[in-house]
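Asker: Each chain, letter by letter, is given below.
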Amino acid sequence: MLNKIIDKTMSAKEAIGKFISDGDTIGVGGQSIGRVSTFLAHEIVRQQKKNLTLVGCNLSLSMDLLVGAKLVKKTECGSGSFERFGTAFQWRNAIQNNLIEVQDYSHLAMASRFLAGSLGIPFIPSKSMLGTDLLKKQNSNTEKPFEITDNPWKKNDPVVLLPALQPDVSIVHVQMADKSGNVIIEGFTTHEPEMIKASKKVIISCEKLVDTEFVKSNPEKITIPYIFVDAVIEQPLGGYPTSVYNYYEHDSDHISEYQQKARAGGKEYSDYLNKYIYDCKSFEEYVKKAAGPSKIKSLKESMLKLL
Amino acid sequence: MLNKIIDKTMSAKEAIGKFISDGDTIGVGGQSIGRVSTFLAHEIVRQQKKNLTLVGCNLSLSMDLLVGAKLVKKTECGSGSFERFGTAFQWRNAIQNNLIEVQDYSHLAMASRFLAGSLGIPFIPSKSMLGTDLLKKQNSNTEKPFEITDNPWKKNDPVVLLPALQPDVSIVHVQMADKSGNVIIEGFTTHEPEMIKASKKVIISCEKLVDTEFVKSNPEKITIPYIFVDAVIEQPLGGYPTSVYNYYEHDSDHISEYQQKARAGGKEYSDYLNKYIYDCKSFEEYVKKAAGPSKIKSLKESMLKLL
Amino acid sequence: MSLRFSLDELMVIEASRQIEDENIVLVGTGLPMVASLLAQKLHAPKMCYVVETGNIAPEVIPTPTSVCDPRVMYKAIKHGSLLDSLGGILQRGLTDIAFLGGAQIDEYANVNSTAIGDYNNPKVRLPGSGGANDLASHAKKILIITRHEKRRFPKNCDYITSPGYINGPEGRKDAGIVVKYPDIVVITNLCVMEIDKKSGKLVITKLMPNISIDDVMINTEFKPLIKSYVNVSNPTKKEIDTLRKEVDPYGVYLKDT
Amino acid sequence: MSLRFSLDELMVIEASRQIEDENIVLVGTGLPMVASLLAQKLHAPKMCYVVETGNIAPEVIPTPTSVCDPRVMYKAIKHGSLLDSLGGILQRGLTDIAFLGGAQIDEYANVNSTAIGDYNNPKVRLPGSGGANDLASHAKKILIITRHEKRRFPKNCDYITSPGYINGPEGRKDAGIVVKYPDIVVITNLCVMEIDKKSGKLVITKLMPNISIDDVMINTEFKPLIKSYVNVSNPTKKEIDTLRKEVDPYGVYLKDT
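Chains as they are written, first to last, in this note's numbering: chain B, 12 to 318; chain V, 12 to 318; chain E, 64 to 320; chain L, 64 to 320.
For the record, the hints were derived by calculation from the structure and aren't laboratory data.
Note that the structure is predicted; figures quoted are calculated from it, not measured.
The C-beta atom is built at its ideal place from N, Cα and C for all residues, glycine as well.
Simulated DEER-style distance windows between Cβ atoms: (1) V:E158 with L:V187: 41 to 47 Å; (2) L:V187 with B:D33: 27 to 33 Å; (3) B:F225 with V:L220: 25 to 31 Å; (4) V:S313 with E:E83: 31 to 37 Å.
Derived pair list, reagent style DSS-like, types lysine-lysine, alpha-carbon separation capped at 27 Å: (5) E:K236 with E:K204; (6) V:K190 with V:K311; (7) B:K148 with V:K166; (8) B:K227 with E:K138; (9) B:K165 with L:K243; (10) E:K203 with E:K290; (11) B:K227 with E:K104.
Whole structure, please, built from the sequences with the hints as guidance.
Answerer: Below you can see the structure in the form of structure tokens.
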């Protein structure tokens, strides 16, 4: 229907300010070096939202930045990895120094928890993690992260029950959305469809704002209908320095620079945050400092060659 | 990849003969008067596969034909209805005369059971059906159809556990498929995506066989990847007399004729089966008898006007 | 007032008035579909229509006769699955309004659409729950449109397919249903009944024009509560015109007077 | 034999030989991706490549470096979600082969990718399970490709992230894992070890050219079983050519000798 469009466009400043509170559980989009919501993560850092719990599957740059900026009290995820660029070093460092609480799950377990949240059921069974330390060794402060039960339909069949997860707010960067929040994700979608549909509030940034008539003519392209979305921000390059399918490849140089600073920590890392976030008036200024127009052009061209 | 296509095309005679055995649990596609797998159901009737358990959400013509042909021992579904054309009368009659066993669920409960089957988990929670006779009154012969448990994360929160359902074989009529079994469903998909992915074997009939290159250029159109499918049969009008979105509207006249005979039962009903199934050499012959070319032309035109 | 209308028309119009703008409404076809489209065209332009079969926010073409009708798929935002509609939207808690029908409605607004007589030896087997149990369990507000006949309003349903307040004000809570105290409104061609949250029972809140409390009582097997009640407002010209010309122009569901 | 090759190359080639035609293979990037693409180009043309991020059956473009790389999305049959890959295909029981990596592999083929030292006070925190636990739990056959270093093969993992045979032949069954007795094959630049289903422990089954049992023992902290073993077949010219020219033409993962 949508005879009238509910316009949900606003600035990132407004969206993060309005929807995220200190202490919230934040669903984080993207995976590894693909479609990470760096634009929205930068804005959270800028607004210094504190005591956050971050949840997702493979969390990389968004998580590492927020941990590095000392805004995170806990993570619940499947991994902290930039793949060939290494571990999420600020996160690693925080765990090794007991600065944050951590709850480990497998990727399927996290996706299943979001699925349960998205369906309004309180928990969901899994046959993963059995027999391993994921079910034995717990970080001391965590609440009951699972339950083991018997399958009522089969003898001697232990089943893991996982609690549903409904993040307070999710932040996700996508290819396209319309003003009312109909979301189009192209290429891999990782844990995002289930996470978005499970979330109480959802903030979407997109490479390109599209017309609702385009949405209605392509129902098979719609990943998430507008009823799940609360804010939409058009931000080209909003996933930089990670890749966005159909738009641009990841920037190896800047990711390597980040990883080097994150691994070093201390002043080197705070210099990075100052230079690229605190001292930048906008995300555009960051992208300009980090890459510049000719690098961006080549990342775009490099993607186009692969389609 | 699919560098080489695995060709799964065969005749309905071969597919039903090869994959369905007496006593099987059959997942039935379609809903009400939309995209019902009549073509494949006719072939099951022709081959007299017996003692079947039929499962689905709103089962109408396929279920009613198979029950009417005395091939069904049990149904597990959410409803037996042709909407404004009335109840599934042969099914109703069989229940009223204690000829079949019946296990009632809500539609969401059935879809959830298929979801569990499709994810390889043994059961799934639901918050439907609580407080009602769906959890109290059971048909005497049925196995444990659910279990009520406490939510480990919340006090005084009873939760229904539903057993996963993995049909032996599912039969579904769709708009398009390629030879290897990549399936494109257009319009509503009801319980079919989860049911198909949960099934041990899947037989697909389609209005139109499409090229695999078309499939690969339109990944967002693919409802089911080929790895879930075992047989593909191209059968235009395979959903007649129900509607197939983008292809043709339902035939009110023939559905009314069926319902009149099904309600009457006895010789009137067996005359129907003889005339339209047993005495037909092919599904085409049935369509010709039931509708004829000019009626079919108008059903197609009527659909095209609505797109 | 020279405007002529039938009580069936007013029943649908009164139902449409229950829908607010931006509501997410889960609905099939029939009179509920007519009522929700009417609301959308009158006062709820941003209403989101969700169909159990999986279609989300279509621009409905008049006049669909089935949840599988192409007329409920036109320009949908998404063609999803039943799990998307009944799981991801309804059980997820996002549905503001759901419509129900049924063969029997009792004083607690429980609904029977499964069997008349003994479940294991039924006099008449009905189609079954379908999505009705899910709708009644998870929607924030439940609307029931039905023509008022005595046999439809027994003291107790032969079988409870869809929960109303079950057996009292805390019936849903005790059973573990997530939506503990929903609004439930039964709209008939004689009256409007709503759940009284103190007793969990239906109370007459409105009467149709020229209908008396006695008319209702005679046609109702259980004894609905009576507190204060008003008359259902007569339809406006705009309501009637929109209903007849735009929503059901071919008189599929409603013949005009 | 004038064909020159490195043991790293032969390690990948030997891994590719484990894959049969029509296998559904769940794989990320790195050497497992190289091995599976090689198999597809050589003897398993109908292999189905599934990526955890949700891409099903792409035509992989050489040479992806991430599970999010557009090179693993080209002409995919479907761009699904992680739940589709790890739930709907893997946990559903449809995966023939899965590849694992990890910092520690013990004698029961359990794998640690979570933490070195005490979990609650780790010496080195590693990235964590990712999909590895799911792969190890649900695939019918598990392949591990790793360079052979002593510290990678301790007697016991500091933390078991992904289940091998846990603590003996019935370890997986006792834990309730669905795939009770999978094949597990560890392929290194020194040897091939496989699970011995009688003991649930790794046994040396093949040696790389010019490598002795002693070489393996010196570089392995636990004591792998030894029964009968053979030599890994030298690569054919076709294997080497396909690997170098078609699968990893830019030497992203393997430099030729």
